[in-house]
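Please work from the sequences and hints to get the whole structure.
Letter by letter, the chains look like this.
Number of protein chains: 2
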Amino acid sequence: MSIEITQQFIEDIQILITEKNNESLLVLLEDFHYADIAEVIEDLSIEEAIYLIRLLESDVTSEVIAELDEDIREKILSELSSKEIAEEIDELDTDDAADIISELSEDQKEEVIAHLEDIKHAKEIVELLRYDEDTAGGLMAKELVKVNENWNVLTCVKEMRAQAEEVTRVHSIYVVDDDNKLIGRLSLKDLLTTSTKTAIKDVLIKKVDSVNVNDQAEDVARVMQKYDLEAIPVVDEIGHLVGRITIDDIVDVIREEAEKDYQLAAGISQDVEADDTIWELTKARLPWLILALFGGFISVSVLGGFGDAMRQFPELFFFTPLIAAMAGNVGVQSSAIVVQGLANDSLRGSLWNRLVKEISLSLLNGLVLAILLMSAGMFFLGFDFKVGLTVSISLVSVIIIASIIGTFVPIILDKRNIDPALATGPFITTSNDILGILIYFLIAKLILGF
Amino acid sequence: MSIEITQQFIEDIQILITEKNNESLLVLLEDFHYADIAEVIEDLSIEEAIYLIRLLESDVTSEVIAELDEDIREKILSELSSKEIAEEIDELDTDDAADIISELSEDQKEEVIAHLEDIKHAKEIVELLRYDEDTAGGLMAKELVKVNENWNVLTCVKEMRAQAEEVTRVHSIYVVDDDNKLIGRLSLKDLLTTSTKTAIKDVLIKKVDSVNVNDQAEDVARVMQKYDLEAIPVVDEIGHLVGRITIDDIVDVIREEAEKDYQLAAGISQDVEADDTIWELTKARLPWLILALFGGFISVSVLGGFGDAMRQFPELFFFTPLIAAMAGNVGVQSSAIVVQGLANDSLRGSLWNRLVKEISLSLLNGLVLAILLMSAGMFFLGFDFKVGLTVSISLVSVIIIASIIGTFVPIILDKRNIDPALATGPFITTSNDILGILIYFLIAKLILGF
Chain A
146 MSIEITQQFI EDIQILITEK NNESLLVLLE DFHYADIAEV IEDLSIEEAI YLIRLLESDV
206 TSEVIAELDE DIREKILSEL SSKEIAEEID ELDTDDAADI ISELSEDQKE EVIAHLEDIK
266 HAKEIVELLR YDEDTAGGLM AKELVKVNEN WNVLTCVKEM RAQAEEVTRV HSIYVVDDDN
326 KLIGRLSLKD LLTTSTKTAI KDVLIKKVDS VNVNDQAEDV ARVMQKYDLE AIPVVDEIGH
386 LVGRITIDDI VDVIREEAEK DYQLAAGISQ DVEADDTIWE LTKARLPWLI LALFGGFISV
446 SVLGGFGDAM RQFPELFFFT PLIAAMAGNV GVQSSAIVVQ GLANDSLRGS LWNRLVKEIS
506 LSLLNGLVLA ILLMSAGMFF LGFDFKVGLT VSISLVSVII IASIIGTFVP IILDKRNIDP
566 ALATGPFITT SNDILGILIY FLIAKLILGF
Chain B
146 MSIEITQQFI EDIQILITEK NNESLLVLLE DFHYADIAEV IEDLSIEEAI YLIRLLESDV
206 TSEVIAELDE DIREKILSEL SSKEIAEEID ELDTDDAADI ISELSEDQKE EVIAHLEDIK
266 HAKEIVELLR YDEDTAGGLM AKELVKVNEN WNVLTCVKEM RAQAEEVTRV HSIYVVDDDN
326 KLIGRLSLKD LLTTSTKTAI KDVLIKKVDS VNVNDQAEDV ARVMQKYDLE AIPVVDEIGH
386 LVGRITIDDI VDVIREEAEK DYQLAAGISQ DVEADDTIWE LTKARLPWLI LALFGGFISV
446 SVLGGFGDAM RQFPELFFFT PLIAAMAGNV GVQSSAIVVQ GLANDSLRGS LWNRLVKEIS
506 LSLLNGLVLA ILLMSAGMFF LGFDFKVGLT VSISLVSVII IASIIGTFVP IILDKRNIDP
566 ALATGPFITT SNDILGILIY FLIAKLILGF
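Chains as they are written, first to last, in the working numbering: chain A, 146 to 595; chain B, 146 to 595.
Check each hint, because a few of them may be wrong.
The list cannot tell twin chains apart, which means a pair is met if one copy fits it or any two copies do.
Taking lysine-lysine and the DSBU-like style, the derived pairs with C-alpha atoms no more than 30 Å apart in a straight line are [to be verified]:
no., residue 1, residue 2
1, 228, 352
2, 371, 254
3, 268, 291
4, 303, 268
5, 165, 291
6, 502, 405
7, 502, 220
8, 291, 371
Honestly, the hints are just simulated from the structure, not real lab data.
Next comes the structure, spelled out in structure tokens:
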């Protein structure tokens, strides 16, 4: 199972590093998985981390470096020479290699690439650097097993043995024609159970899912999830096989996507973590708070506009935070359901049906809450019937309108190709706060006549 | 890439079903992936869906049924006989089979199991039914390829061919001893490149990650993500190999976990979708709104307690929604970052450091916002300097306290083994609303002396 890295263990490692006790360090970390070593390194100082990286074999440290948090990797790489970085890159699969190189400065990029030993590997990495990181091209690796349709199973197995040396995991064997166009696939299972003389043409499965090199990462994730694929080949505009994407990279895409939506819903605009600097956290949080502050100014003006009613009906003003909070909560609920429906592609039916449903739902919820409000208000808080009625009617109206806004703002954003997750969080709460308060006082004015 | 199911296509299918034009239906759906057929079925009426399921081959429809949304599957299965359900189950891997059977009523379960054709398959399914669905046992399938340490590569390849018939995807070959204890694994790659006479003992890789049958699904997901595994063997309490979990099931766990956290943050307590019934949506949403309503009552009482100040300083009451909204927003931001840090296991450093950081961060944000508030307030809204100062000082204090609450409530919940995601959303906004208003008026009382 997963190894627990204790504080004690980190301290032991630190002492061994201070003592330069290389032998014990090597023995201690011998059986560690690179993901665990990466965790250890993230708990060390940069100097200690570099000491360890220089000590361990590059087939391990290359994977460790690929696994590190981006901030920490940046700091470590800036202390290593281009030659040292190239040695690490030499060990990595093309996709991880390209990811790391793309984080370097332009000058360093060229130097590191010039130091790479394997020319073919270097060329493939340079090719991958061309693609945007959020596309299939940015996710794919060049390592894959492919065979020619004109071979037979025997040639195929021989070739595969040679290719498999380079490829960590063999998922599918892709079949191409003489022009390197993807025309099918072989399953490992079929290969195990077919006579060696059979022509590849006769056993290949023609139906092969693939994605285009320019497809968005999110769409690749959706296809691979939907069809339960563990790897998918990537083709260029004219059908040439150019790479493959494996599910472990897609798992990262799914997780990052979910984290981004979650953060947007909470009013955090960049990919930040608890351990980022105060400056990074401020950049991600402050803009949303400023938005909310300006929203707050508007609600101050709205309330100010009804200030004359204060002498006659002071209780009305006691209820503004309640009304605003309910509007905010309902809006966030509605928008969250729609945002998820859009992400899952599970939003069916017409807009009209959705409107009718949303109104029925919020009418039901609103009535239950209004009854609770009336009874609690009359029995415990002891306020005036007319004021209670005003607040209750406003509550129902505000809930209906907040839920309609919460439902349709993300749908509209999505139609305009804006990330609908933007609509949850501070944006919807702030606008619903203002609207809720406005509706509340307009209804109060109507009923109480101030 | 993925097939787009249009409204037109659904209508065509519906017409063909009405006409009972089986031949055209079969031709039309011939090359469809089961995931696409599942999408089609979700857009049909239950009667139409059942017509299609009875028409298509059970090797396809079994996968379709496994793919369907739970609500729709329930409706469809309730229209099929136990024998028909058993025929579908016969085609499925044990994990999907057990998932579907576990959704049936107790009586139906027994009937369906009695109708299963393959006794071994039936026994394995019954074994899987024992496990909680949120554990490794609940996720695993019995289908796997295993070999005995005492065989050689040739026997192994023969056995694998036989076993591979049953197993859709071969990831790793697990090696067991005579007692069925997991002792290692073989890579397919090694098997391709080793002489057939080699003893398995000599090529097996002893280091094999595994999980215990009682481990939580979330922990399995974490291990498989961390170590980039595509399949992991599952062992019982004494190390017997009892099943394996594949990454496609883990992808679902990760997505569901993310959706649950997202929904909790939005104040939705059950796993609902936009297309669920109004009743289901109400059950998921109303409890949180009631919580918020009672929170609202408290804020009404707090404001009522300061009602006397209204004559002297009416502006104070205009600012309550602003203060409450800022408290809510800051609290949600802080808690979201902590909840994600807890989920990723990336929360490092002592509580004390976290407290210092959170206070510095919110002091910085608070000061920027207070300056904005003061300048906008003086120049545009034209309110009294003393009131502006009161609001500004309150704003900074409220932001600091809201961020501390947002940070520590999820940490405390997590320490007590309560899902910290509960702390985001309405819970934190409501309590921060109340506290924010209270602090605001206490500070106002101190400064303005009413």
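For each hint, the structure was consulted:
When the C-alpha separation of residue 228 and residue 352 is checked against a cutoff of 30 Å, the pair qualifies neither within a copy, at 44 Å, nor between copies, at 33 Å. Taking the closest pair of Cα atoms, residue 371 and residue 254 come within 30 Å of each other only across two copies (28 Å); inside a single copy the shortest separation is 37 Å, beyond that limit. With identical chains, the CA atoms of residue 268 and residue 291 are at most 30 Å apart within one copy only, with a shortest distance of 19 Å there and 40 Å across copies. Within a single copy, residue 303 and residue 268 get their C-alpha atoms as close as 25 Å, which meets the 30 Å cut-off; across copies the closest is 41 Å, which misses it.
Taking identical chains as interchangeable, the C-alpha atoms of residue 165 and residue 291 are never at most 30 Å apart, the minima being 47 Å within one chain and 44 Å between chains. For the homomeric pair residue 502 and residue 405, the shortest alpha-carbon distances inside one copy (29 Å) and between copies (23 Å) are both at most 30 Å. Taking the shortest alpha-carbon separations for residue 502 and residue 220, only the inter-copy value of 21 Å comes in at or below 30 Å, while the best intra-copy value is 53 Å. Taking CA atoms no more than 30 Å apart as the test, residue 291 paired with residue 371 passes in both settings, with 24 Å inside one copy and 28 Å between copies.
When the structure is compared with the earlier hints, violations turn up for hints 1, 5 and for no others.
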